[in-house]
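Engineer: Below are the chains, spelled out letter by letter.
Number of protein chains: 2
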Amino acid sequence: MNSPLLHTLTIALGARSYPISIGSDLLASPATFAGLPAASTALIVSNTTVAPLYAAALYSALQPHYCDVHTLSLPDGEAYKTWETLNQIFDCLLSHGCDRKTVLFALGGGVVGDMTGFAAASYMRGVPFVQIPTTLLAQVDSSVGGKTGINHPLGKNMIGAFYQPERVVCDLSLLATLPARELAAGLAEVIKYGPIADMAFLDWIEAHTSALLAGDVQALAHAVRRSCEIKAEVVGQDEREGGLRAILNFGHTFGHAIEAGMGYGQWLHGEAVACGMVMAAHLSQALGLVDATFVARLTRIIAAFGLPVRGPMLDANDNAGRYLELMRVDKKAQDGAIRFVVVDGSGQALLRGASDAQVRTVIDLCCVP
Amino acid sequence: MNSPLLHTLTIALGARSYPISIGSDLLASPATFAGLPAASTALIVSNTTVAPLYAAALYSALQPHYCDVHTLSLPDGEAYKTWETLNQIFDCLLSHGCDRKTVLFALGGGVVGDMTGFAAASYMRGVPFVQIPTTLLAQVDSSVGGKTGINHPLGKNMIGAFYQPERVVCDLSLLATLPARELAAGLAEVIKYGPIADMAFLDWIEAHTSALLAGDVQALAHAVRRSCEIKAEVVGQDEREGGLRAILNFGHTFGHAIEAGMGYGQWLHGEAVACGMVMAAHLSQALGLVDATFVARLTRIIAAFGLPVRGPMLDANDNAGRYLELMRVDKKAQDGAIRFVVVDGSGQALLRGASDAQVRTVIDLCCVP
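Residue numbers (my numbering), protein chains in the order written: chain F, 48 to 416; chain U, 48 to 416.
It is possible that some hints are incorrect.
All copies of an identical chain are treated as equivalent in the list; a pair is satisfied when it fits inside any one copy or across any two copies.
What the hints assert, rightly or not - With a Cα cut of at most 25 Å, we get these calculated SDA-like pairs of lysine to any residue: (1) K148 <-> T118; (2) K148 <-> G394; (3) K148 <-> L397; (4) K148 <-> A293; (5) K203 <-> L53; (6) K203 <-> A86.
No wet-lab data here; the hints were simulated from the structure.
Fair warning: this is a prediction, and the values are worked out from it, not measured in the lab.
Kindly produce the complete structure, drawing on both the sequences and the hints.
Structural biologist: Take a look at the structure:
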């Protein structure tokens with residue numbers, strides 16, 4: 048294909064539907080941003096890592112569309128996903144006299160996307176925004192679903208809104224500057240969509256491991272498209288997280304325990320999810336849903352991407368107890384009962400409870416002693 | 048009538064429709080709060096003025112419905128409609144382990160309602176909330192329309208969400224403790240609904256001036272019901288403030304200039320709106336929409352409620368210029384052009400521009416020299 052735009056996918060949410068453009072060299076092209084709601088002002092929100100690489104190109108691409116384009120560079124990292132940083136966006140909007148039509152452009156990973164989205168949801172009770180995710184994780188995960196928000200000292204993502212962007216631009220060229228470890232962590236979320244929804248996609252992933260790790264644009268385009276398609280289908284049926292949407296958390300219950308237990312930032316989110324999927328596969332086996340062959344295969348695929356398949360020891364005295372403790376405080380737990388996302392081996396996910404003994408056995412089996 | 052519940056009104060907004068209960072002695076009755084979404088925890092958010100009067104009664108009425116009922120008392124006043132105060136609500140919710148089903152109860156005036164509504168919109172991306180407005184202004188104005196939010200140092204109501212409550216409970220008995228000046232200020236917003244939508248309602252208001260000022264429950268019930276009906280009709284056609292909803296701002300453009308020019312808190316909002324309506328009536332006459340008889344009658348009705356009909360001097364050298372300056376920075380102005388809400392005398396409002404000379408003449412005519 049010669050066209051830099053490889054796919055356009057529509058997220059169907061009635062009046063809040065929006066397109067995801069997937070391709071290469073999209074960022075610097077003014078055509079990428081044609082047809083957005085008319086406005087005189089745009090604000091690019093980025094961070095100190097991404098802005099030096101890509102903000103100037105985006106600025107040039109937006110200039111034909113707006114009288115004024117402003118750029119705001121936030122500090123980089125989950126630690127800054129706070130009210131104080133969010134308020135920098137409001138300060139910037141108000142000090143530039145931005146009105147109800149101003150369009151926000153989120154240029155960065157999940158943290159920038161979540162904060163910019165929440166700023167857009169809240170500024171004058173809602174202005175349009177566009178997501179330009181610059182990490183693979185953000186392209187396949189946070190760009191679909193409309194979850195925006197910030198952390199509170201007492202909990203992650205506790206304050207936010209469901210708010211849909213006008214458009215998502217997944218420019219695969221931006222992934223060229225992504226560190227290999229982050230690319231692999233993003234691929235963990237891609238792998239996830241196989242066992243929960245499409246085993247043929249898992250076959251394809253297995254067959255394209257090298258191309259994906261090498262950053263091949265055609266392979267990445269397919270991976271991003273299929274991941275977004277699956278997520279869009281699930282979100283379309285459950286926009287506000289009533290039930291079905293929980294299956295997207297395959298690997299996340301164990302994964303959150305690893306992230307929290309190790310201290311956020313030690314393991315990348317995707318790494319924790321990768322290891323969490325191995326644990327969830329073992330739990331699926333313990334519940335009689337899949338056989339050992341399935342577990343071994345999923346483990347092999349995850350390992351082939353250089354992702355961790357053995358869990359860390361979180362407590363030398365009672366490791367499994369610590370995992371259980373951390374999983375019980377997860378915000379998806381209800382009255383202390385953990386609902387696990389498990390799979391049946393045919394490309395379907397289910398929500399199931401499990402006995403502490405079953406979970407302990409799985410954790411003991413999966414953790415490095 | 049013997050029943051304390053005098054009317055139930057439905058605000059029709061599709062899936063976000065909700066009822067407004069209007070009556071006396073509703074607050075202390077558990078039946079008032081039957082049928083809300085099931086939850087184990089409720090949080091009453093009030094302020095230091097209202098909580099000592101009514102929080103205990105609400106607590107008792109909620110106890111049969113929830114395992115845990117918590118109460119949070121915020122500092123009273125527009126000056127506290129800030130992120131810091133809002134964050135007290137989040138701190139309280141998180142420190143009590145409140146989950147996605149927790150129901151928030153806003154017990155207070157517009158500030159408590161706006162902040163509690165925004166907290167409900169944002170906590171875990173949305174939990175249910177119930178409005179129990181304790182001022183007449185909040186009962187006839189902020190309880191319908193779904194506007195929630197906080198102020199920013201650079202502008203009022205700049206950060207917020209459109210978010211609808213599960214239910215609004217207008218307990219007219221609560222108005223017994225409302226200072227007379229605040230009751231009258233609330234009646235200014237009631238009067239407003241006449242000229243913009245229903246001249247027969249203006250006739251009724253004129254005929255019931257004494258009953259309304261005396262706090263007669265039957266009269267107040269009708270005033271609240273008809274005001275909410277009219278506002279609901281307008282909001283139902285324009286939930287997110289695209290156009291029609293602007294007519295609810297009759298008197299507000301001049302009124303905001305008075306509030307801002309005098310310093311917020313000097314004039315009550317309703318007082319500024321009352322005087323603003325007189326100015327807007329004169330402007331309607333200047334634009335040829337109404338005659339002097341209409342202006343004189345509206346002025347007489349407003350004055351009969353003890354509300355101001357003459358504007359304050361905001362600048363000894365160029366009073367009209369100062370009004371114009373303040374009106375141009377209003378967030379409803381577009382590109383510096385002020386859009387005035389004017390009326391035609393038949394119960395219809397229109398949006399019109401006016402020349403500076405026309406506006407200056409009106410201000411000079413209406414201001415105390």
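Engineer: Compare the structure with each hint and give your call.
Structural biologist: Hint check:
1. Taking the shortest alpha-carbon separations for K148 and T118, only the intra-copy value of 17 Å comes in at or below 25 Å, while the best inter-copy value is 38 Å.
2. Taking the shortest alpha-carbon separations for K148 and G394, neither the intra-copy value of 43 Å nor the inter-copy value of 31 Å comes in at or below 25 Å.
3. When the C-alpha separation of K148 and L397 is checked against a cutoff of 25 Å, the pair qualifies only between copies, where the shortest distance is 23 Å, while the shortest distance within a copy is 42 Å.
4. Proximity of K148 and A293 under a CA criterion of 25 Å is satisfied inter-copy only: 16 Å between copies versus 34 Å inside one chain copy.
5. Taking the shortest alpha-carbon separations for K203 and L53, neither the intra-copy value of 35 Å nor the inter-copy value of 45 Å comes in at or below 25 Å.
6. Taking identical chains as interchangeable, the C-alpha atoms of K203 and A86 lie at most 25 Å apart only when they sit on different chains, with a minimum of 22 Å there against 33 Å within one chain.
Comparing the model with each numbered hint stated earlier shows that hints 2 and 5 do not hold.
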